[in-house]
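Trainee: Sequence:
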Amino acid sequence: MKRAIFQAISHVIIFTLVAAFASGCAAQKKANPGTPMPITNAEIKHICDDKTPKECNNTGVKFENDKDYERAKLCYQKACDDNEGIACSNLGSLHQKLKSKEEREILTIFAKSCKLGNKYGCYNEANFYRLGRGTEHDFAAARRLYEKSCLQLEHAQSCSNLGGMHQFSLGVKTADLEAAKKFYKMGCEMGDEIGCRNLSLISNE
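Under mature numbering (1 follows the signal peptide of the UniProt record, and there is no 0), the residues of the sequence shown are numbered -22 to -1, 1 to 183, in order.
These are computed hints drawn from the structure, not numbers from a lab. Worth double-checking, as some hints may not be accurate.
Stated by the list, open to error - Below, in silico cross-link-like pairs of lysine-lysine (PhoX-like), each with a Cα-Cα straight-line distance of 20 Å or less: (1) LYS93 - LYS77; (2) LYS160 - LYS126; (3) LYS75 - LYS40; (4) LYS126 - LYS163.
Produce the entire structure from the sequences given, and follow the hints as far as they go.
Mentor: Listed below in C-alpha coordinates is the structure:
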(Lines of atoms letter the chains of each structure in order from A and count residues from 1; the text may use other names and numbers.)
(Lines give C-alpha, C1' and ligand atoms only; values in the text may rest on other atoms or scores of the structure.)
Protein backbone atom coordinates (compact mmCIF):
# COMPACT_ATOMS: atom_id res chain seq x y z
CA MET A 1 0.00 0.00 0.00
CA LYS A 2 1.25 3.46 -0.80
CA ARG A 3 2.55 5.28 2.23
CA ALA A 4 -0.68 7.02 3.11
CA ILE A 5 0.46 8.77 6.26
CA PHE A 6 3.82 10.37 6.99
CA GLN A 7 5.47 8.51 9.82
CA ALA A 8 8.98 7.39 10.64
CA ILE A 9 9.48 5.12 7.63
CA SER A 10 12.03 2.31 7.94
CA HIS A 11 13.15 4.10 11.12
CA VAL A 12 14.94 6.61 8.90
CA ILE A 13 12.94 9.51 7.46
CA ILE A 14 10.95 11.61 9.93
CA PHE A 15 8.09 13.94 9.08
CA THR A 16 6.52 16.86 10.84
CA LEU A 17 3.06 15.85 12.05
CA VAL A 18 2.11 18.25 14.82
CA ALA A 19 -0.31 21.05 14.06
CA ALA A 20 1.34 24.44 14.30
CA PHE A 21 0.32 26.94 16.93
CA ALA A 22 1.52 30.50 16.68
CA SER A 23 0.68 33.80 18.28
CA GLY A 24 0.81 37.23 16.76
CA CYS A 25 3.29 38.28 19.43
CA ALA A 26 5.58 36.74 22.02
CA ALA A 27 3.33 36.05 25.02
CA GLN A 28 4.65 35.37 28.50
CA LYS A 29 3.38 32.21 30.19
CA LYS A 30 2.30 32.54 33.80
CA ALA A 31 3.10 29.83 36.28
CA ASN A 32 0.22 27.96 37.91
CA PRO A 33 -2.68 30.16 36.80
CA GLY A 34 -5.77 30.07 38.98
CA THR A 35 -9.09 28.59 37.95
CA PRO A 36 -10.71 30.94 35.39
CA MET A 37 -13.82 32.81 36.50
CA PRO A 38 -17.07 31.94 34.70
CA ILE A 39 -17.67 33.94 31.54
CA THR A 40 -20.38 36.56 31.81
CA ASN A 41 -22.93 37.35 29.12
CA ALA A 42 -21.41 40.82 28.85
CA GLU A 43 -18.00 39.31 28.04
CA ILE A 44 -19.50 37.07 25.40
CA LYS A 45 -21.19 40.05 23.77
CA HIS A 46 -18.47 42.67 24.14
CA ILE A 47 -15.13 40.84 24.26
CA CYS A 48 -12.50 42.71 22.24
CA ASP A 49 -14.83 45.64 21.54
CA ASP A 50 -11.95 48.06 22.20
CA LYS A 51 -9.31 46.05 20.34
CA THR A 52 -8.13 45.58 16.78
CA PRO A 53 -8.33 42.02 15.39
CA LYS A 54 -4.58 41.60 15.96
CA GLU A 55 -4.87 42.83 19.55
CA CYS A 56 -7.84 40.54 20.10
CA ASN A 57 -5.83 37.55 18.88
CA ASN A 58 -2.96 38.48 21.18
CA THR A 59 -5.39 38.72 24.09
CA GLY A 60 -6.56 35.23 23.18
CA VAL A 61 -2.96 34.00 23.32
CA LYS A 62 -2.61 35.40 26.84
CA PHE A 63 -5.83 33.71 27.91
CA GLU A 64 -4.66 30.42 26.41
CA ASN A 65 -1.31 30.67 28.17
CA ASP A 66 -3.27 31.13 31.40
CA LYS A 67 -5.34 28.03 30.51
CA ASP A 68 -8.47 30.18 30.27
CA TYR A 69 -9.52 28.34 27.15
CA GLU A 70 -13.10 29.57 26.86
CA ARG A 71 -12.05 33.22 26.84
CA ALA A 72 -9.23 32.35 24.45
CA LYS A 73 -11.73 30.77 22.07
CA LEU A 74 -13.96 33.84 22.27
CA CYS A 75 -11.05 36.13 21.37
CA TYR A 76 -9.79 33.92 18.57
CA GLN A 77 -13.31 33.55 17.16
CA LYS A 78 -13.91 37.31 17.22
CA ALA A 79 -10.56 38.06 15.56
CA CYS A 80 -11.08 35.27 13.03
CA ASP A 81 -14.54 36.62 12.20
CA ASP A 82 -12.77 39.92 11.52
CA ASN A 83 -10.43 38.13 9.08
CA GLU A 84 -7.28 37.95 11.22
CA GLY A 85 -5.67 34.87 9.68
CA ILE A 86 -3.43 33.91 12.61
CA ALA A 87 -6.47 33.98 14.90
CA CYS A 88 -8.25 31.44 12.71
CA SER A 89 -5.24 29.15 12.87
CA ASN A 90 -5.01 29.59 16.65
CA LEU A 91 -8.73 28.88 16.98
CA GLY A 92 -8.44 25.69 14.96
CA SER A 93 -5.38 24.57 16.92
CA LEU A 94 -7.13 25.19 20.24
CA HIS A 95 -10.24 23.28 19.17
CA GLN A 96 -7.94 20.48 18.03
CA LYS A 97 -6.14 20.43 21.38
CA LEU A 98 -9.37 20.47 23.38
CA LYS A 99 -11.27 18.21 20.96
CA SER A 100 -14.07 20.76 21.21
CA LYS A 101 -15.17 20.59 17.56
CA GLU A 102 -15.48 17.92 14.88
CA GLU A 103 -12.41 17.59 12.68
CA ARG A 104 -14.33 18.64 9.57
CA GLU A 105 -15.21 21.91 11.33
CA ILE A 106 -11.60 22.44 12.38
CA LEU A 107 -10.51 21.84 8.78
CA THR A 108 -12.88 24.61 7.67
CA ILE A 109 -11.30 26.98 10.19
CA PHE A 110 -7.79 26.17 8.97
CA ALA A 111 -8.96 26.62 5.37
CA LYS A 112 -10.17 30.14 6.17
CA SER A 113 -6.84 30.93 7.82
CA CYS A 114 -5.00 29.75 4.72
CA LYS A 115 -7.23 31.78 2.40
CA LEU A 116 -6.36 34.81 4.51
CA GLY A 117 -2.68 34.14 3.77
CA ASN A 118 -1.57 32.63 7.08
CA LYS A 119 1.21 30.07 6.73
CA TYR A 120 0.20 28.10 9.81
CA GLY A 121 -3.35 27.77 8.54
CA CYS A 122 -2.12 26.44 5.19
CA TYR A 123 0.23 24.01 6.94
CA ASN A 124 -2.48 22.72 9.24
CA GLU A 125 -4.98 22.41 6.40
CA ALA A 126 -2.39 20.46 4.40
CA ASN A 127 -1.82 18.11 7.33
CA PHE A 128 -5.53 17.39 7.57
CA TYR A 129 -5.74 16.48 3.86
CA ARG A 130 -2.58 14.40 4.08
CA LEU A 131 -3.75 12.51 7.15
CA GLY A 132 -7.38 12.22 6.09
CA ARG A 133 -8.65 14.13 9.11
CA GLY A 134 -12.09 15.63 8.67
CA THR A 135 -11.97 14.62 5.02
CA GLU A 136 -10.76 11.91 2.68
CA HIS A 137 -7.03 11.58 2.06
CA ASP A 138 -6.15 14.05 -0.69
CA PHE A 139 -2.41 14.09 -1.28
CA ALA A 140 -2.64 16.44 -4.26
CA ALA A 141 -4.48 19.02 -2.15
CA ALA A 142 -1.95 18.57 0.65
CA ARG A 143 0.94 19.09 -1.77
CA ARG A 144 -0.60 22.28 -3.18
CA LEU A 145 -1.11 23.67 0.31
CA TYR A 146 2.42 22.80 1.40
CA GLU A 147 3.69 24.51 -1.76
CA LYS A 148 1.75 27.67 -0.91
CA SER A 149 2.94 27.68 2.68
CA CYS A 150 6.54 26.85 1.75
CA LEU A 151 7.12 28.79 -1.46
CA GLN A 152 4.87 31.80 -0.89
CA LEU A 153 4.73 32.09 2.90
CA GLU A 154 8.16 30.63 3.84
CA HIS A 155 6.99 28.09 6.42
CA ALA A 156 9.87 25.74 7.26
CA GLN A 157 7.90 22.63 8.26
CA SER A 158 5.80 22.86 5.09
CA CYS A 159 8.99 22.79 3.02
CA SER A 160 10.22 19.72 4.90
CA ASN A 161 6.90 17.93 4.46
CA LEU A 162 6.89 18.87 0.79
CA GLY A 163 10.23 17.09 0.55
CA GLY A 164 8.55 13.98 1.90
CA MET A 165 5.74 14.26 -0.64
CA HIS A 166 8.30 14.21 -3.44
CA GLN A 167 10.43 11.50 -1.90
CA PHE A 168 7.54 9.07 -1.51
CA SER A 169 5.47 10.11 -4.55
CA LEU A 170 2.50 11.48 -2.59
CA GLY A 171 0.46 13.99 -4.57
CA VAL A 172 3.03 13.94 -7.38
CA LYS A 173 3.28 11.61 -10.38
CA THR A 174 6.62 10.04 -9.55
CA ALA A 175 9.15 10.08 -6.74
CA ASP A 176 11.81 12.75 -7.25
CA LEU A 177 14.78 12.61 -4.89
CA GLU A 178 16.31 15.81 -6.24
CA ALA A 179 13.09 17.71 -5.53
CA ALA A 180 12.94 16.07 -2.11
CA LYS A 181 16.49 17.24 -1.34
CA LYS A 182 15.64 20.75 -2.51
CA PHE A 183 12.67 21.06 -0.18
CA TYR A 184 14.39 19.38 2.76
CA LYS A 185 17.21 21.90 2.29
CA MET A 186 14.75 24.79 2.20
CA GLY A 187 13.12 23.57 5.40
CA CYS A 188 16.52 23.14 7.01
CA GLU A 189 17.71 26.61 6.02
CA MET A 190 14.52 28.09 7.49
CA GLY A 191 15.26 26.40 10.79
CA ASP A 192 13.40 23.07 10.75
CA GLU A 193 15.56 20.39 12.37
CA ILE A 194 13.57 17.57 10.77
CA GLY A 195 14.33 19.03 7.35
CA CYS A 196 18.03 19.07 8.22
CA ARG A 197 17.93 15.49 9.46
CA ASN A 198 16.06 14.20 6.44
CA LEU A 199 18.39 16.05 4.07
CA SER A 200 21.37 14.39 5.72
CA LEU A 201 19.77 10.96 5.57
CA ILE A 202 18.66 11.16 1.95
CA SER A 203 22.03 12.59 0.87
CA ASN A 204 23.83 9.62 2.42
CA GLU A 205 21.69 6.97 0.74
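Trainee: The structure should be examined with respect to each hint, and the outcome stated for every one.
Mentor: Hints, verified against the model:
Restraint check for LYS93 and LYS77: not satisfied, since their Cα atoms lie roughly 23 Å apart, outside the 20 Å limit. A threshold of 20 Å between alpha carbons decides the hint, and for LYS160 with LYS126 the separation of about 16 Å falls inside it, so the pair holds. Taken as a hint, the LYS75 and LYS40 pair is honoured in the structure, with Cα atoms around 16 Å apart against an allowance of 20 Å. A distance of roughly 17 Å separates the Cα atoms of LYS126 and LYS163; the hinted pair therefore holds under the 20 Å criterion.
The structure shown violates just one earlier hint, number 1.
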